[in-house]
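A.B. asks: Chain by chain, the residues:
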Amino acid sequence: NAGVMQNPRHLVRRRGQEARLRCSPMKGHSHVYWYRQLPEEGLKFMVYLQKENIIDESGMPKERFSAEFPKEGPSILRIQQVVRGDSAAYFCASSPGQGGNSPLHFGNGTRLTVT
Amino acid sequence: AQSVAQPEDQVNVAEGNPLTVKCTYSVSGNPYLFWYVQYPNRGLQFLLKYITGDNLVKGSYGFEAEFNKSQTSFHLKKPSALVSDSALYFCAVSRNNAGNMLTFGGGTRLMVKP
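Top to bottom, those sequences are chains A and B.
Mapping the first sequence onto the numbering used here, position 113 (from 1) lands on 113, and the numbers just tick up by one.
Mapping the second sequence onto the numbering used here, position 81 (from 1) lands on 81, and the numbers just tick up by one.
Source of the hints: derived by calculation from the structure; they are not laboratory data.
Quantities reported herein were computed from a predicted structural model and do not represent experimental measurements.
The C-beta atom is built at its ideal place from N, Cα and C for all residues, glycine as well.
A couple of the hints might just be wrong.
Chain A stretches covered by chain B per the calculated footprint, using a threshold of three residues with CB under 8 Å from any CB of chain B [to be verified]:
1. 36-49
2. 84-96
3. 103-110
Each computed DSS-like pair below joins lysine-lysine, with the alpha-carbon atoms no more than 25 Å apart [as the list claims (entries may be wrong)]:
4. A:LYS44 with B:LYS49
5. B:LYS49 with B:LYS69
6. A:LYS44 with B:LYS22
7. B:LYS49 with A:LYS27
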């Protein structure tokens with residue numbers, strides 16, 4: 001039973017380019033969460049999605065960032081016109097349900113470096 | 001708003017000794033509390049959770065945590081540390097009706113020396 005799969009593991013982009021981060025949740029999980037981790041810091045919630053719906057995006061920057069979780073395929077976190085401050089590790093997590101009885105399962109993250 | 005504080009950036013302990021990693025929280029309503037561990041270049045792994053019931057929660061790898069409502073704390077403990085326990089530990093909280101939208105503490109690096 002494969003865990004949460006994120007790709008790529010490492011992504012290098014020049015300022016102004018677009019970054020696309022992919023996340024395939026665990027089998028049977030329909031809830032996906034994206035978190036961002038700056039070096040030596042904790043994880044900050046970005047967005048919570050269910051299939052085809054954004055449930056909560058209160059942690060997402062208003063500009064340049066977007067997320068989707070289509071009916072088919074992985075969840076995508078998209079960052080347009082990247083800047084150096086976007087350099088971070090981006091983690092995806094999934095759960096089978098919404099409640100706290102369903103702990104999050106995390107992927108190994110995508111480390112974005114903006115040069 | 002909810003928040004988590006992990007007051008120690010790093011905890012050093014000798015192998016075989018007991019360890020404690022501290023966590024305090026602030027949340028409206030009943031808290032759901034979690035501990036996760038992160039190894040280098042990896043995602044977070046779930047250790048244990050408190051939802052309701054007994055204040056002492058047992059989790060993976062011999063870890064346990066005690067929920068203290070009056071002190072709003074959820075300290076992580078282990079009776080006898082192993083070198084392999086060395087990692088980054090995160091405490092997290094969510095409101096009981098907020099599902100898995102967790103708020104994480106800043107993390108505590110645990111160093112266990114032989």
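A.B. asks: Determine which of the earlier numbered hints do not hold for this structure and return their numbers in increasing order.
C.D. replies: none
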